[in-house]
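*Asks:* Both chains come to you apart, so use the hints to assemble them.
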Amino acid sequence: GAVVSQHPSRVICKSGTSVKIECRSLDFQATTMFWYRQFPKKSLMLMATSNEGSKATYEQGVEKDKFLINHASLTLSTLTVTSAHPEDSSFYICSARASGVGTEAFFGQGTRLTVV
Amino acid sequence: AQKVTQAQTEISVVEKEDVTLDCVYETRDTTYYLFWYKQPPSGELVFLIRRNSFDEQNEISGRYSWNFQKSTSSFNFTITASQVVDSAVYFCAVTNDYKLSFGAGTTVTVRA
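Protein sequence lines correspond, in order, to chains D and F.
Using the working numbering, the letters of the first sequence correspond one by one to residues 18 to 133.
Using the working numbering, the letters of the second sequence correspond one by one to residues 12 to 123.
Chain F extracted, bound-state conformation (with noise of 0.2 angstroms):
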């Protein structure tokens, strides 16, 4: 079985600070895909980015940047200098290639 455990329920920042979403899995298959979707208020999911478990080198795109630990099972999301279009629900999830198991969310909310 898999499981996502994201930890902060809400986080709310002002606009321009920095904001780290933690994500920790579990999962028992070797083989593994980590997922971050984001869920504006409008409900549709929004695919952020997908990271294989062979590949822990960390990425940035603009200002979202993420941070993969295979040692602690972690695939932490940051967005850097956030903006209050950043407001959103944010999920993070595992598959074994079959089903995806998302965690309960993060909802940031950015302030003017």
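The shape of chain D in the complex, shown without the other chains (with noise of 0.2 angstroms):
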């Protein structure tokens, strides 16, 4: 199947410092990327969704201002956690998808953030 690399896969930041997730499709052109956010032994929640060069859409209850996310080439997507605090602890995961109808979706490794 297609790679989706996330990087870092574990990051432990301050509370108030910004921290910086990658997303990049290995070998295909993803379109579409989704961000989600996975609480201990919970499903997966659906955060925003970025297509290639427009403006990411948020779920309703996620703040766009802290989640930042960018999604500035066919290959790349990041997700910035700005001014993060404890609660925002959590294992984020992202996926990615190429064109065309129900195409699969792809999910890189996931990154655990603790925030201390």
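For the record, the hints were derived by calculation from the structure and aren't laboratory data.
Warning: the hint list may mix true and false statements.
No farther apart than 27 angstroms at their CA atoms in a straight line, the calculated lysine-lysine pairs in the DSS-like style are these [stated by the list, open to error]:
id	chain 1	residue 1	chain 2	residue 2
1	D	Lys58	F	Lys14
2	D	Lys59	F	Lys110
3	F	Lys14	D	Lys81
4	F	Lys110	D	Lys37
5	F	Lys49	F	Lys110
6	D	Lys58	F	Lys49
7	D	Lys83	D	Lys37
8	F	Lys14	D	Lys59
9	D	Lys58	D	Lys83
10	D	Lys72	D	Lys58
11	F	Lys49	D	Lys59
12	F	Lys81	D	Lys72
13	D	Lys58	F	Lys27
14	D	Lys58	F	Lys110
15	F	Lys110	D	Lys81
16	F	Lys110	D	Lys83
Taking CB as the label site, the calculated pair distances span [stated by the list, open to error]:
id	chain 1	residue 1	chain 2	residue 2	range
17	F	Asp40	D	Val20	21 to 31 angstroms
18	D	Lys58	F	Ile71	24 to 34 angstroms
19	D	Thr74	F	Ser85	23 to 33 angstroms
20	F	Gln80	D	Gly117	24 to 34 angstroms
Beta carbons are placed, not taken as given, at the ideal position from N, Cα and C, and that holds for glycine.
*Replies:* Below, the structure is given as structure tokens:
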């Protein structure tokens, strides 16, 4: 299957700082990328959808000024958690899909964010 | 709105037993796609299968098989002769080709 690389896999940051997570599609052009958040023993919650070159669409309840998403190219999307707080600690996963009807989404390895 | 229900929270089996994971979905769309993903302890989500709403043919891939029943809106997943490496959380998901809606997941533990 296609490869999506997410970096870093783990990050610990101090409260009040910002953290950037990268999501790259390595062998295909990702017209759409998704960012999910997963709490322990819970399902994946979609945070936002981004299409290359346009602003991300955020799900209800997700603060767009706190979770900045940039999808500047067909192979890279970034999620920046700004002014992180301990409650932002979570597992963040990106997925990417190519254009085409019903194409499957491929997921990155996930990033474990711990805010101390 | 779309919704996926995975009623089984946890399943524990002994190696070589078969295990079936239930998935019931809701969607108003006539065209939709169903998926199963595996999430091992490492956290990465691994794609297992995609099925579109017009294809009710069941599928078998090695020890994995899927039963799609549109009449009951179900897309169940069976692991035959389970192995310890099958221990993971399994998610069922549905999309109308825009965004994936996931079920809560079923944790499968296979004991040696």
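*Asks:* Does each hint hold? Answer for all of them.
*Replies:* Results of checking the hints against the structure:
no. : hint                                    : result
1   : Lys58/D to Lys14/F                      : holds (18 angstroms)
2   : Lys59/D to Lys110/F                     : holds (18 angstroms)
3   : Lys14/F to Lys81/D                      : holds (24 angstroms)
4   : Lys110/F to Lys37/D                     : holds (23 angstroms)
5   : Lys49/F to Lys110/F                     : holds (18 angstroms)
6   : Lys58/D to Lys49/F                      : holds (14 angstroms)
7   : Lys83/D to Lys37/D                      : holds (12 angstroms)
8   : Lys14/F to Lys59/D                      : holds (15 angstroms)
9   : Lys58/D to Lys83/D                      : holds (24 angstroms)
10  : Lys72/D to Lys58/D                      : violated (31 angstroms)
11  : Lys49/F to Lys59/D                      : holds (14 angstroms)
12  : Lys81/F to Lys72/D                      : violated (36 angstroms)
13  : Lys58/D to Lys27/F                      : holds (26 angstroms)
14  : Lys58/D to Lys110/F                     : holds (22 angstroms)
15  : Lys110/F to Lys81/D                     : holds (18 angstroms)
16  : Lys110/F to Lys83/D                     : holds (22 angstroms)
17  : Asp40/F to Val20/D: 21 to 31 angstroms  : holds (30 angstroms)
18  : Lys58/D to Ile71/F: 24 to 34 angstroms  : holds (30 angstroms)
19  : Thr74/D to Ser85/F: 23 to 33 angstroms  : holds (30 angstroms)
20  : Gln80/F to Gly117/D: 24 to 34 angstroms : holds (26 angstroms)
The structure does not agree with the numbered hints 10 and 12 stated previously, though it agrees with the rest.
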